[in-house]
Amino acid sequence: MFSVVEPNTFFTFANLRIVLGTQAVLLILALALLLPLTVGEFDLSVTGALGIALILIGYLNIIRGWSILAAIAAALLSGVVIGLVNVFFVMVVRVESIVVTLGSGTMWLGVGYGIWGANISGVSDALVSVTRNNFILDVPFAFWYGLLLTLLFWYLYALTPLGRYLYFVGANRQVSRLSGIPVSAIRAGSLMASAIVSSIAGIILAGVLGGSGPNIAAGYLLPAFAAVFLGATAISPGRFNPLGTFIAVYFLITGITGLELLGFSGWVENVFYGASLVLAVALSRLAARRRFTQ
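Heads up, the sequence shown is in this note's numbering, so the first residue is 1 and it goes up one at a time.
Certain hints may be false.
[Said to hold, decoys possible] Here are the in silico distance ranges between beta carbons for each label pair:
#1 L261 x T160: 21 to 29 Å
#2 N134 x L178: 32 to 40 Å
#3 L286 x D125: 34 to 42 Å
#4 L69 x L178: 20 to 28 Å
#5 V271 x D125: 36 to 44 Å
#6 L259 x F135: 34 to 42 Å
#7 S67 x L279: 27 to 35 Å
#8 A118 x A158: 42 to 50 Å
#9 A70 x G114: 31 to 39 Å
#10 G114 x F88: 32 to 40 Å
#11 A218 x A171: 25 to 33 Å
#12 Y113 x S67: 22 to 30 Å
#13 L259 x L77: 35 to 43 Å
#14 A275 x V99: 35 to 43 Å
Hints in this document: simulated from the structure, not taken from any laboratory.
Note that this is a predicted model, so its numbers are computed, not measured.
Using N, Cα and C, we set each Cβ at its ideal position, and we do this for glycine too.
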């Protein structure tokens, strides 16, 4: 539809390249959400992990003069710490994951602001070159990282016993436990992996932006949830799945880009993502019920 209305701007390779390259971070963050959601846990701290990693790259590399590899290592370590905190309160203290991760995500965003409360530019060219400034088939490296991670997740979900265990735990923990599946380990592992993958998204975002800032990460939470739930209506309806998430990320941004090219700018992104999340949750629930009754 958008190609017919705006053929000279929407249906062009330049626009496609922009869409593919700019959504890699959202795709990786949505994949991070996929694991805990599959096992029945909510992780609202993904943007906190992304934000801390983003700030650490800028602060340590630019302000403190650390090498980019050392800054990346610190950013990854922050993901491990965030994951361990979430696992402790969810698995040991037995607080609901939605409460723990809402609180910890907000806390980590505040910590990031406390580390450096202003935008930073000038991240090492080495990171920028391997995310934004180099291309395969004229598409930035960042997109290919997201695609590679999607394929790895697809392999995990579709072709390994662990993928089946993830679905079993999400469907019924008690039955899974009686079947010998290590339910606690899988739940803990999903929260750990979610935090680490989110920190990877933050590292890539630092390269794409060429810098960092304390107010960037929070805006990714709603789009990531919308993509994961919308993805549960595609490929394998009623189930969270990586390929569906990939399709959903680019379906959503295609809709937003098309509306913006038609002149609906500013407010349309929040409206589109918010409405998409509500509809996606409703559709995924309906698909899940249909799968259950078949």
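Here is what the structure says about each hint:
no. : hint                    : verdict
1   : L261 x T160: 21 to 29 Å : violated (41 Å)
2   : N134 x L178: 32 to 40 Å : violated (51 Å)
3   : L286 x D125: 34 to 42 Å : violated (49 Å)
4   : L69 x L178: 20 to 28 Å  : violated (46 Å)
5   : V271 x D125: 36 to 44 Å : holds (38 Å)
6   : L259 x F135: 34 to 42 Å : violated (27 Å)
7   : S67 x L279: 27 to 35 Å  : violated (46 Å)
8   : A118 x A158: 42 to 50 Å : holds (44 Å)
9   : A70 x G114: 31 to 39 Å  : violated (21 Å)
10  : G114 x F88: 32 to 40 Å  : violated (22 Å)
11  : A218 x A171: 25 to 33 Å : holds (32 Å)
12  : Y113 x S67: 22 to 30 Å  : holds (25 Å)
13  : L259 x L77: 35 to 43 Å  : holds (40 Å)
14  : A275 x V99: 35 to 43 Å  : violated (26 Å)
Going down the numbered hints, you'll see the structure goes against 1, 2, 3, 4, 6, 7, 9, 10 and 14, while the others check out.
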